[in-house]
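Listed in order, the protein sequences are those of chains A and B.
The numbering of the first sequence is the numbering used here, which starts it at -13 and goes up by one.
The numbering of the second sequence is the numbering used here, which starts it at 68 and goes up by one.
The set of hints was computed from the structure by calculation and includes no laboratory data.
Remember, predicted model here, so these are calculated numbers, not experimental data.
Among the clues, some could well be false.
Claimed, not checked - Lysine-lysine pairs mimicking DSSO-like chemistry, simulated, CA-CA at most 30 Å apart:
hint: 1; chain 1: A; residue 1: LYS113; chain 2: A; residue 2: LYS59
hint: 2; chain 1: A; residue 1: LYS130; chain 2: A; residue 2: LYS113
hint: 3; chain 1: A; residue 1: LYS123; chain 2: A; residue 2: LYS99
hint: 4; chain 1: A; residue 1: LYS(-7); chain 2: A; residue 2: LYS123
hint: 5; chain 1: A; residue 1: LYS130; chain 2: B; residue 2: LYS106
hint: 6; chain 1: A; residue 1: LYS130; chain 2: B; residue 2: LYS101
hint: 7; chain 1: B; residue 1: LYS101; chain 2: A; residue 2: LYS(-11)
hint: 8; chain 1: A; residue 1: LYS99; chain 2: A; residue 2: LYS38
hint: 9; chain 1: A; residue 1: LYS(-7); chain 2: A; residue 2: LYS130
hint: 10; chain 1: B; residue 1: LYS101; chain 2: A; residue 2: LYS38
hint: 11; chain 1: A; residue 1: LYS72; chain 2: A; residue 2: LYS130
hint: 12; chain 1: A; residue 1: LYS59; chain 2: B; residue 2: LYS120
hint: 13; chain 1: A; residue 1: LYS(-12); chain 2: A; residue 2: LYS1
hint: 14; chain 1: A; residue 1: LYS123; chain 2: A; residue 2: LYS38
hint: 15; chain 1: A; residue 1: LYS99; chain 2: B; residue 2: LYS101
hint: 16; chain 1: A; residue 1: LYS1; chain 2: B; residue 2: LYS106
hint: 17; chain 1: A; residue 1: LYS72; chain 2: A; residue 2: LYS(-12)
hint: 18; chain 1: A; residue 1: LYS72; chain 2: B; residue 2: LYS106
hint: 19; chain 1: A; residue 1: LYS(-7); chain 2: A; residue 2: LYS72
hint: 20; chain 1: A; residue 1: LYS(-11); chain 2: A; residue 2: LYS1
hint: 21; chain 1: A; residue 1: LYS123; chain 2: A; residue 2: LYS1
hint: 22; chain 1: B; residue 1: LYS106; chain 2: A; residue 2: LYS(-12)
hint: 23; chain 1: A; residue 1: LYS130; chain 2: A; residue 2: LYS(-11)
hint: 24; chain 1: A; residue 1: LYS72; chain 2: A; residue 2: LYS(-11)
hint: 25; chain 1: A; residue 1: LYS99; chain 2: B; residue 2: LYS106
hint: 26; chain 1: B; residue 1: LYS101; chain 2: A; residue 2: LYS72
hint: 27; chain 1: A; residue 1: LYS(-7); chain 2: B; residue 2: LYS106
hint: 28; chain 1: A; residue 1: LYS123; chain 2: B; residue 2: LYS106
hint: 29; chain 1: B; residue 1: LYS101; chain 2: A; residue 2: LYS(-12)
hint: 30; chain 1: B; residue 1: LYS106; chain 2: A; residue 2: LYS(-11)
hint: 31; chain 1: B; residue 1: LYS106; chain 2: A; residue 2: LYS38
hint: 32; chain 1: A; residue 1: LYS59; chain 2: A; residue 2: LYS99
hint: 33; chain 1: B; residue 1: LYS101; chain 2: A; residue 2: LYS(-7)
hint: 34; chain 1: A; residue 1: LYS123; chain 2: B; residue 2: LYS101
hint: 35; chain 1: A; residue 1: LYS130; chain 2: A; residue 2: LYS1
hint: 36; chain 1: B; residue 1: LYS101; chain 2: A; residue 2: LYS1
hint: 37; chain 1: A; residue 1: LYS59; chain 2: B; residue 2: LYS106
hint: 38; chain 1: A; residue 1: LYS59; chain 2: B; residue 2: LYS101
hint: 39; chain 1: B; residue 1: LYS120; chain 2: A; residue 2: LYS38
hint: 40; chain 1: A; residue 1: LYS123; chain 2: A; residue 2: LYS72
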Amino acid sequence: MKKAMEKLVTWSRIKSPWIIHFNSGACNGCDIEVLDALTPRYDLERFGVLLKGSPRHADVMVACGPVTRQVRKRLVRIYEQMAEPKFVVAVGTCACSGGVFDGCYSCEGGIDKAIPVAAYIPGCPVKPEAVIDGVVKLLTSLQK
Amino acid sequence: MTNALWVLPPVAFGLYLFLAWSLLRVCAGGPLHKSEAEKGEPYACGEEFSHAKIAPDYSEFFPFAIFFTLIHVAGLMLATLALSPAVGGLLGGVYLLAVGAVLAILFAR
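Let the hints inform the model, and build the full structure from the sequences given.
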């Protein structure tokens, strides 16, 4: 029963993963690139990837920037409010490892210091092509 | 006849209600459900939401809301009743009464 249910949910989510975009302290460079990937030039939406405003409607959290001390609690709270199964994609060098902010008094490091991360997309800022590649790889890994 | 039964609004509504309830039962209590501390908390962009009781008063808008809602429905029904003269008389009277009621509510305030 559990296996069959997981298969059904995964199949349906792969066809149309809905994302929530979260900036945990980024410089906005990666945020702009994420939006670029979603808007008509690259148009991730044609594959069913939709940007949602609420974590309760989202399957994937696209997180940019290092985790600042101020935002950590909010990041965890929003992550917990997402429905299962949920995945986090760390977009940009700062989200992957803390980047230039690593060791800064106000930062804790990459996103994985606060919540589990399923895919890392490095770059400063990331290219939309890299975001698309990361999303495809995540969906392919889910299929397996 | 059998087909017509399934598409009757109350029957279809009941079926969909049962379907939605079944999905809720399967998903909420299913194996994928995990209970986390903040799972059921209201979403407030990550901020802590204080559970204050908010009760905005919309009573001032009520007469306008009911007037516009009923007058649109009644207008549509009265305009299309001529298409079915068999039920036109009684139903037309009911809708005219409804129009009278909403006008009374609107002007009595």
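Would you mind confirming whether the straight-line C-alpha gap from LYS59/A to LYS99/A stays at or under 30 Å? 12 Å, holds
Would the pair LYS101/B and LYS(-12)/A pass a check requiring their Cα atoms to be no farther apart than 30 Å? 13 Å, holds
Measure nothing beyond the straight line between the CA atoms of LYS(-7)/A and LYS72/A; if it is 30 Å or shorter, mark the hint as holding. 14 Å, holds
Does the structure keep LYS59/A and LYS106/B at a Cα separation of 30 Å or less? 14 Å, holds
Under the criterion that the straight-line Cα-Cα distance not exceed 30 Å, is the pair LYS72/A, LYS130/A satisfied? Measuring from Cα to Cα gives roughly 16 Å; hence the hint holds.
Quick one, are LYS123/A and LYS1/A close enough, alpha carbons at most 30 Å? Holds - the C-alpha atoms of LYS1/A and LYS123/A are around 14 Å apart, at most 30 Å.
Under the criterion that the straight-line Cα-Cα distance not exceed 30 Å, is the pair LYS1/A, LYS106/B satisfied? Measuring from Cα to Cα gives roughly 25 Å; hence the hint holds.
30 Å Cα cutoff - pair LYS(-11)/A, LYS1/A: 19 Å, holds
Could you grab the alpha-carbon distance between LYS106/B and LYS(-11)/A and see if it respects the 30 Å cut-off? 23 Å, holds
Holds or violated: LYS(-7)/A to LYS106/B, with C-alpha atoms at most 30 Å apart: 23 Å, holds
Sort out whether LYS101/B lies within 30 Å of LYS99/A, counting only the CA atoms. 21 Å, holds
Next pair to validate is LYS72/A with LYS(-12)/A; report whether the Cα-Cα distance is within 30 Å. Roughly 17 Å between the alpha carbons, so the hint for LYS72/A and LYS(-12)/A holds.
Going down the numbered hints, you'll see the structure goes against none, and every one checks out.
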